[in-house]
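*Asks:* Protein chains in written order, with the numbering used here: chain A, 241 to 368; chain B, 303 to 608.
Quick caveat, the hints were computed from the structure, so don't treat them as lab data.
Some hints here could point you the wrong way.
[Unchecked claim] Cβ pair distances, simulated, as ranges:
#1 442/B - 288/A: 28 to 38 Å
#2 472/B - 291/A: 47 to 57 Å
#3 288/A - 524/B: 23 to 33 Å
#4 531/B - 312/A: 37 to 47 Å
#5 351/A - 383/B: 48 to 58 Å
#6 353/A - 486/B: 41 to 51 Å
#7 274/A - 575/B: 43 to 53 Å
#8 353/A - 338/B: 23 to 33 Å
#9 326/B - 353/A: 26 to 36 Å
#10 338/B - 280/A: 29 to 39 Å
#11 330/B - 312/A: 37 to 47 Å
#12 310/A - 551/B: 50 to 60 Å
[To be verified] Sample of chain B residues lacking proximity to chain A, with all beta carbon distances greater than 10 Å (derived):
#13 367
#14 407
#15 437
#16 527
#17 564
[As the list claims (entries may be wrong)] Some chain B residues near chain A, calculated using beta-carbon distances under 8 Å:
#18 545
#19 558
#20 559
#21 560
#22 605
#23 607
#24 608
Virtual Cβ for every residue (Gly too), placed ideally from N, Cα, C.
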Amino acid sequence: MHGVDANAPPTKGPDAGSRFRGFHEVSIPDTGQRIACAPGENILRAMERLNLRLIPVGCRGGGCGVCRIRVRCGKYVTRRMSRIHVSAADEAAGIALACCLMPQGDLEIEVLGSGTSNPMSTVNPLQG
Amino acid sequence: MAQSAVIRPGHVCLRVLDLEAAVRHYRDRVGLLEIERDSEGRVYLKGWDEQDWFSVVLREADHPGMDFLGFKVLGTDALARLESDLNAWGCVTERMPAGELRHCGERVRFQLPTGHVVELYAQKDFMGNGLGRVNPDPWLEGVKGMQAQRFDHCLLYGRDIDGNIALLRDVLKFDLTEKVVDGELVVAAFLSCSNKAHDIAFVRHAEDGKFHHASFLLGTWEEVLRAADIIAMHDISLDLGPTRHGITRGRTIYFFDPSGNRNEVFCGDYTWYPDHEPIIWTADQIGRAIFYHDRRLNENFLNVVT
Ligand code: FES
Ligand SMILES: [Fe+2]
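Start from the sequences, fold in the hints, and give me the full structure.
*Replies:* Structure below.
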């Protein structure tokens with residue numbers, strides 16, 4: 241790559257704090273954990289690639305809502321998400337589905353989850 | 303021969319967030335044939351071995367899930383009779399005009415107690431499976447992806463599944479083939495209108511009208527493994543499997559379409575006869591009932607729905 245070490249941390253520019261060139265750092269201040277997202281990669285995919293379990297994983301398609309998060313600060317884009325789980329007002333308030341959210345810079349987020357749970361989960365304690 | 307005037311689940315209409323991504327998924331990966339599109343932009347598809355014009359309809363919307371599930375019934379007389387039986391049972395019905403879905407006759411539409419929209423129809427245009435009816439070859443060449451033979455069933459989630467069971471048994475003459483019970487409480491139910499182990503299934507859930515999966519039939523366990531390869535090759539969102547269901551004995555894999563609607567491809571259930579007694583699973587064994595090998599129900603089976 242013409243003498244450029246893709247793994248070297250950038251020393252200036254908007255991503256100066258990130259570990260990898262072009263990667264965006266997603267931090268969860270409540271737990272102190274971080275996810276390094278590749279350019280164009282959604283948060284949930286990056287998390288799974290890193291073998292982390294910080295956000296619940298469901299359909300990975302913006303349909304089920306279990307990966308619901310709120311962005312406290314930072315720039316990002318989203319692809320279409322189920323309106324059942326993210327209303328227009330939610331969206332304006334920084335709420336999104338992690339499987340549909342591509343950071344455009346470093347982000348601070350909090351994990352919300354879908355907030356609904358099948359009563360069978362408690363009626364029938366999961367075995368193992 | 304069907305034991306009910308209802309023959310089979312004949313179509314399912316799914317909402318998707320991105321129509322073209324969904325078409326690529328169902329056509330190129332699941333291996334359904336794209337048949338046509340209508341003036342509302344809905345896309346019609348069918349499995350290669352299905353005789354009728356379509357079995358899957360995709361509609362772009364701002365939230366995924368199931369619009370409706372259609373059952374084919376044996377003739378227009380049966381359709382009219384079932385309509386009045388539904389009304390007598392206290393179920394409000396609505397007639398959808400012929401042609402509202404392309405190549406489909408009049409549909410009698412109603413809501414299950416769990417809020418799911420179900421419809422009955424007697425007529426759909428014949429397309430054939432491309433093999434002919436005289437001295438046919440056994441399978442169609444050139445089918446893509448998992449090569450799903452046909453749409454098979456849906457699993458739906460909602461509150462009053464007792465009401466669903468009563469309606470399907472008492473009015474539409476389905477048989478209850480299997481159920482999961484927690485004491486007196488039925489937490490899951492599997493019903494058949496045919497010789498199959500199930501044509502529709504329900505799981506009790508806090509929210510009504512939820513969609514768990516639409517399932518498509520494959521021929522062999524080897525084809526289920528090949529479907530798993532296709533899921534890996536194309537980086538499709540995998541849910542679980544390949545594995546075995548205790549309930550229905552199906553060999554199965556669960557995965558998601560690009561909008562998060564769950565799909566299943568499976569093979570190999572048993573033959574149901576109307577003189578059989580339902581199979582009962584107890585809630586303490588629900589792990590092996592759902593996922594026989596793991597013997598553990600995962601949270602996602604219960605909570606990831608559209
Ligand atoms: S995992 Fe289902 S919406 Fe993100
Ligand atoms: Fe199924």
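*Asks:* Just to be sure I understand the hint, the distance between the Cβ atoms of residue 351/A and residue 383/B should be within 48 to 58 Å; is that true here?
*Replies:* Distance hint for residue 351/A, residue 383/B holds at roughly 53 Å.
*Asks:* Range hint 50 to 60 Å: satisfied by the CB atoms of residue 310/A and residue 551/B?
*Replies:* Given a distance of about 44 Å, which is not inside 50 to 60 Å, the answer is violated.
*Asks:* A range of 29 to 39 Å was offered for this pair. Does it hold for the Cβ distance of residue 338/B and residue 280/A?
*Replies:* Hint holds: Cβ distance 34 Å, inside 29 to 39 Å.
*Asks:* Does residue 564/B sit more than 10 Å from chain A, CB to CB?
*Replies:* The claim breaks: residue 564/B does not keep its Cβ more than 10 Å from every Cβ of chain A (closest is about 7 Å).
*Asks:* Checking hints one by one. Is residue 558/B an interface residue toward chain A, by the C-beta closer than 8 Å rule?
*Replies:* holds, 4 Å
*Asks:* Using 8 Å as the Cβ threshold, decide whether residue 607/B counts as touching chain A.
*Replies:* holds, 6 Å
*Asks:* Given residue 559/B was flagged as interface, is its beta-carbon under 8 Å from a beta-carbon of chain A?
*Replies:* With a minimum Cβ separation of about 7 Å from chain A (threshold 8 Å), the hint on residue 559/B holds.
*Asks:* Residue 274/A and residue 575/B, beta-carbon distance inside 43 to 53 Å?
*Replies:* Given about 58 Å between the Cβ atoms, the range is violated.
*Asks:* Determine whether the Cβ-Cβ distance between residue 353/A and residue 338/B falls within the hinted range of 23 to 33 Å.
*Replies:* For residue 353/A and residue 338/B the Cβ distance comes to about 40 Å; the hint is violated.
*Asks:* Find the nearest Cβ of chain A to the Cβ of residue 407/B and say whether that gap is larger than 10 Å.
*Replies:* holds, 31 Å
*Asks:* Is 37 to 47 Å right for how far apart the beta carbons of residue 330/B and residue 312/A are?
*Replies:* holds, 39 Å
*Asks:* Does residue 608/B meet its interface restraint, that is, does its C-beta lie within less than 8 Å of any C-beta in chain A?
*Replies:* For residue 608/B, the interface hint holds, since the closest Cβ of chain A sits about 4 Å away, which is under 8 Å.
When the structure is compared with the earlier hints, violations turn up for hints 6, 7, 8, 12, 13, 17, 18 and for no others.
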